[in-house]
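Peer 1: What follows is each chain in one-letter form.
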Amino acid sequence: MNMKLLGAEVLLYVLFLAFILIENPVFVAVYIAAIVAGIFFAAKKYPEKLPVWYDLFMANLKQVGAVAFVLGLTLPIIIDGDAYWLQVLNFAMINAMMALGLNFMTGRAGLICLGYAAFEAVGAYTVGILTLKLGVSFWIAFALSGIAAMVFGAVLGLPALRVKGHYLALVTIAFGLIVQETLLNWESVTGGTNGLIDIPSPTLFGYDFGQMLDLGFVSMNYLGHFYYLCLLVLALCTIFIFKLSNSFFGLILSAMREDQLAAQCYGINLTNYKLYAFAIGAIFGGFAGGLYAAMINFIAPENFSYGLSVIVISMIILGGLDSIPGAIVGAFFLTIFPEKFRAFEDYRIMFYGLIIIFCLIFMRNGILPYTRRIFMSGLENKEAEENG
Amino acid sequence: MAENKENIIIEAKDLTIRFGGVTAVNHVSFQLKAGETLGVIGPNGSGKTTLFNLLSGIYVPTEGQIFLNGEDISGKQSNEVFIKGISRTFQNGRLFWNLSVLENIMVGLKEVRECSVLGSIIGAGKEKAQAKEAIATCLKHMEIFDDLLIKQADKTAKDLPYADRRRLEICRAVASNPQVILLDEPSAGMDSMETEKLMHDLLKVKKAMPELTVIVVEHDMDFIKGLVDKVMVLNYGENIAFGTFDEVAGNEEVINAYLGQEG
Chain A
1 MNMKLLGAEV LLYVLFLAFI LIENPVFVAV YIAAIVAGIF FAAKKYPEKL
51 PVWYDLFMAN LKQVGAVAFV LGLTLPIIID GDAYWLQVLN FAMINAMMAL
101 GLNFMTGRAG LICLGYAAFE AVGAYTVGIL TLKLGVSFWI AFALSGIAAM
151 VFGAVLGLPA LRVKGHYLAL VTIAFGLIVQ ETLLNWESVT GGTNGLIDIP
201 SPTLFGYDFG QMLDLGFVSM NYLGHFYYLC LLVLALCTIF IFKLSNSFFG
251 LILSAMREDQ LAAQCYGINL TNYKLYAFAI GAIFGGFAGG LYAAMINFIA
301 PENFSYGLSV IVISMIILGG LDSIPGAIVG AFFLTIFPEK FRAFEDYRIM
351 FYGLIIIFCL IFMRNGILPY TRRIFMSGLE NKEAEENG
Chain B
1 MAENKENIII EAKDLTIRFG GVTAVNHVSF QLKAGETLGV IGPNGSGKTT
51 LFNLLSGIYV PTEGQIFLNG EDISGKQSNE VFIKGISRTF QNGRLFWNLS
101 VLENIMVGLK EVRECSVLGS IIGAGKEKAQ AKEAIATCLK HMEIFDDLLI
151 KQADKTAKDL PYADRRRLEI CRAVASNPQV ILLDEPSAGM DSMETEKLMH
201 DLLKVKKAMP ELTVIVVEHD MDFIKGLVDK VMVLNYGENI AFGTFDEVAG
251 NEEVINAYLG QEG
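Chains A and B supply the protein sequences, listed in that same order. Sequential numbering from 1 applies to the first sequence in my numbering. Sequential numbering from 1 applies to the second sequence in my numbering.
FYI, nobody ran anything at the bench for these hints, they're computed from the structure. Misleading hints may appear alongside valid ones.
Stated by the list, open to error - Simulated coverage check for chain B against chain A, where a stretch passes if three residues somewhere in it have a Cβ under 8 Å from a Cβ of chain A:
hint: 1; segment: 83 to 96
hint: 2; segment: 127 to 135
As the list claims (entries may be wrong) - No more than 25 Å apart at the CA atoms, straight line, and that leaves these computed lysine to any residue pairs for SDA-like:
hint: 3; chain 1: B; residue 1: Lys126; chain 2: A; residue 2: Asn60
hint: 4; chain 1: A; residue 1: Lys243; chain 2: B; residue 2: Ala136
hint: 5; chain 1: B; residue 1: Lys128; chain 2: A; residue 2: Met376
hint: 6; chain 1: A; residue 1: Lys243; chain 2: B; residue 2: Glu133
This one's a predicted model, so the numbers in the text were calculated from it and none came from an experiment. Even glycine gets a Cβ: it sits at the ideal position worked out from N, Cα and C.
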């Protein structure tokens, strides 16, 4: 356990809490600007310190993750079960799952996907239809939502095998639209424009997730259950993605991202690995959708529009492509920050567009770029020793 | 005769490819035994790189066949060709730029390619040992270039100096223990000192792997002379001369097509 890192993380947590608790949009803007300026000046004044902290952070991701999880457990208590913020935080976690999945496809494997919302839709409708119309238990439906999305990912992968780059982006946009249009028009199953209403809340051994969550010293409404469920699923998703990314398999996907032709000339079967990347990346969208449907109890096709796909893309661009912590931080920031500016709701999509443009021009690697390599030689200090 | 045939590692038979009306490689045939080195020379646009793309499975030949150990591999995809035992480098350098030197080499290893997806999530203990083994294998291959690559093992490929990038390409190609390696202008962009060093490095590779068959495309005649056993001259996609360097250098057609331009 690295105490320095623990202290830094608690400090970040306090900063994050303040970010949530400051209501006034002007103050939030000032607050964020102050933090950015603070980091900027700190980096100017102590140019050697920031990379050291960054390396420390990246080298101890296991501890960072565990501490973040524990701090996450305390969050609903600290905000005193505030229903509005619970809802926002739940959305942030659901978005983080999607960002993780898309990051795996796009950031790791280099397969651009501009229709990721379709996978969330598949997951949400799987849970919606199975629990509402067929009376299947939420937990079974939830597992199936991931599998259904995986199948859709593979289906999208098949035509996508034939195209690259811009053309792949177009195919994925079309895929997103096809799924949305199908949901709109297949009324007997999906409910068409009306969507699915009154999706039942999950129950676990007779315990209903739709009731109040009373922890004794603090009570919160049903969203508290979903907060902890989302936190658990997000933690599992993160571990899963992390293991996968740091394996030989993850290495092959990043080689494919760097240069498809060279990867193929080094024995990599592009067809298989593209399908794997699409199918695995899609699972997380499915789980996110499953949780979304059970939490909101109401889903309609417009919830899974092209706009949502763009939002998820902007999350991973902001966080840094191929960066797992980046995807989570990006998702949290881009879910919570716009909430502060609800008065300007109409400009939200424009805001995401601005973020993408800003990042692509000024911060191509995002706020938490992933620079640490998967496999290290173990000879790290060799050059330094020789010089010193 | 039959015995002789057995020794032949790679054989091209009437290899031809046409792009529309252009015949980029026209009925090229050759045979190479294990451990032989063939230099492919010819003016720009004579089909050298196209020949490599045919041999490595990037292009499918319009006519003709390629045999590796007597097995017809023409029409196989480049990943299958690689697994059969032909690896290559690229003229403009196609490294995995954002991966480290070590990782670039690891990608070509059999054990990396054959890992199971599920295993990488569940079997944590075994994975670590496997990774350690793979890293050790890669470091051993990097020794070809003394410590030049080893001391930069964790650098990203894009941060390497130019000459080291070319070395990394060669190292990545030999790390998979191929039977045939195709080197596409390995000395392109190097000065004469670096070229000479590269030649010695390649001679070292050949010494370390005596069974390795090498086919190299080069413009530098000293490089070719010092390295290869046989030379093939291409002009407009056709094989106009084949033999030792001195035989080919004396061939009038070759002098007209290519060497004559130098003198």
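Peer 1: Does each hint hold? Answer for all of them.
Peer 2: Against the structure, the hints:
no. : hint                : in the structure
1   : 83 to 96            : holds (count 7)
2   : 127 to 135          : holds (count 5)
3   : B:Lys126 x A:Asn60  : 22 Å, holds
4   : A:Lys243 x B:Ala136 : 21 Å, holds
5   : B:Lys128 x A:Met376 : 12 Å, holds
6   : A:Lys243 x B:Glu133 : 19 Å, holds
In summary, the structure agrees with every hint in the numbered list given earlier.
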